[in-house]
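*Asks:* Let the hints inform the model, and build the full structure from the sequences given.
Taken in sequence, the protein lines are chains A and B. In this text, residue positions in the first sequence follow numbering that gives the first Met the number 0: the first is 0, and each later residue adds one. In this text, residue positions in the second sequence follow numbering that gives the first Met the number 0: the first is 0, and each later residue adds one.
Hints in this document: simulated from the structure, not taken from any laboratory. Be aware that one or more of the hints could be misleading.
Given that identical chains are not distinguished, each listed pair holds provided it fits within a single copy or across any two copies.
[Said to hold, decoys possible] Simulated crosslink set (DSSO-like; lysine-lysine; CA at most 30 Å straight-line):
(1) K148 x K192
(2) K88 x K135
(3) K135 x K192
(4) K88 x K192
(5) K135 x K148
2 protein chains.
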Amino acid sequence: MNDHIVKSFDQDLAELDRLVAEMGGLAENLLADAFSALERRDPGLAERAIASDRTIDLLERQIQERAIVMIARRQPLANDLRHVMTVLKIASDLERIGDLAKNIAKRAMAVSGDNRPRQLINGLGHMCELAHQQLKDVLDALGTRDIAKALAVWHGDQRLDDLYNSVFRELLTYMMEDPRNIGLCTHLLFGAKNIERIGDHTTNIAENVHYLVTGTMLTDDRPKGEEAAPVLFGAAN
Amino acid sequence: MNDHIVKSFDQDLAELDRLVAEMGGLAENLLADAFSALERRDPGLAERAIASDRTIDLLERQIQERAIVMIARRQPLANDLRHVMTVLKIASDLERIGDLAKNIAKRAMAVSGDNRPRQLINGLGHMCELAHQQLKDVLDALGTRDIAKALAVWHGDQRLDDLYNSVFRELLTYMMEDPRNIGLCTHLLFGAKNIERIGDHTTNIAENVHYLVTGTMLTDDRPKGEEAAPVLFGAAN
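*Replies:* In structure tokens form, the structure reads like this:
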């Protein structure tokens with residue numbers, strides 16, 4: 000392999016990194032817009048947010064295609080190959096985050112005509128803010144290869160899980176108090192679950208940033224497994 | 000590349016296929032056990048089902064490691080590379096199916112002490128049966144490279160989505176009728192959502208079987224996007 004090819008491979012990697020950063024920025028905006036749409040009951044904003052997920056999906060496909068071409072043409076050795084595979088995993092998590100944020104936007108459309116008290120939505124608002132901050136931080140950590148920041152995000156997911164459990168319980172009480180809240184609260188329950196899962200994918204990205212920089216995996220004991228059942232009625236988690 | 004190496008690559012591919020089939024069988028059993036545990040309120044069975052997901056995760060990691068080694072050592076050309084990438088995608092969908100089925104088992108544990116009427120669980124039972132059959136069919140299609148069967152699964156996901164929408168509405172009515180149903184029904188709502196998503200991953204596998212056999216992608220317009228919000232109160236989907 001001569002210098003020219005080595006340099007080109009690095010350029011290809013840099014281009015992959017740029018595309019992933021672009022995906023990340025779009026996912027961050029989508030999440031922010033989805034919650035604004037829910038909060039303001041703004042179906043127009045929800046619709047624009049939903050449409051933007053398409054671009055995220057296309058970017059992921061573009062990253063996958065480029066990665067396959069890179070692997071096939073350049074035949075990178077194990078280390079570079081693992082770098083490419085890690086970028087693919089990060090892109091896949093961002094694509095899932097986009098999907099989940101899009102679902103929140105869809106729920107915003109579904110409830111835009113609902114006039115139940117605004118108070119019901121506050122808990123979800125806190126979750127969104129925290130999830131958005133975590134996503135922003137992990138993208139910064141990725142851009143600057145900052146392990147400390149990635150680790151902080153990884154640990155921070157526990158707060159989001161705790162908040163999810165509180166919001167979950169709170170929503171159940173609204174449902175029990177007044178059956179007219181059940182429709183809206185069901186949407187909010189699913190929205191809260193989506194945000195909790197966005198947190199899990201953000202945690203995955205933090206693990207992969209750590210792997211990119213250090214070459215070693217974080218332990219398997221993540222702050223919390225994806226899609227865990229909520230603690231409810233004292234039952235096992 | 001000499002014959003010996005070419006033959007070994009095919010052997011490697013066959014071994015990957017075998018591992019994926021093993022994952023598929025485990026995911027199928029996990030789904031069946033998770034629902035039995037929910038139906039019989041059997042926390043012991045739920046616990047065994049949850050534990051079996053660990054094996055599925057380990058198999059996926061094993062498949063990923065082997066695939067990376069295959070790509071790095073054999074440096075396959077574009078077609079073989081796409082085959083390996085497709086197997087990786089199928090393994091990733093099976094891993095997600097395992098996770099989602101595990102969540103149903105976790106909910107089975109959470110509600111095992113609940114004594115609400117059994118009738119509430121019937122809709123979810125139908126969904127489980129259908130999702131299980133779809134998963135079984137797509138694994139058969141994968142094993143026998145049967146495009147017609149893969150396409151039937153792909154189209155069949157619509158029935159599961161329709162059933163999800165019915166069950167969703169039915170569960171809401173139970174919640175509105177009697178607040179004591181809210182706790183159990185919330186678990187069942189999430190369970191139904193998990194099964195709907197299992198259907199989406201099964202659909203992904205059907206697309207990848209089609210791709211493996213024909214080399215062409217099915218259209219992007221899948222029967223239904225993953226994680227779509229349910230139709231509710233006449234709102235947009």
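*Asks:* Run through the hints listed earlier and report the numbers of any the structure violates, in increasing order.
*Replies:* none
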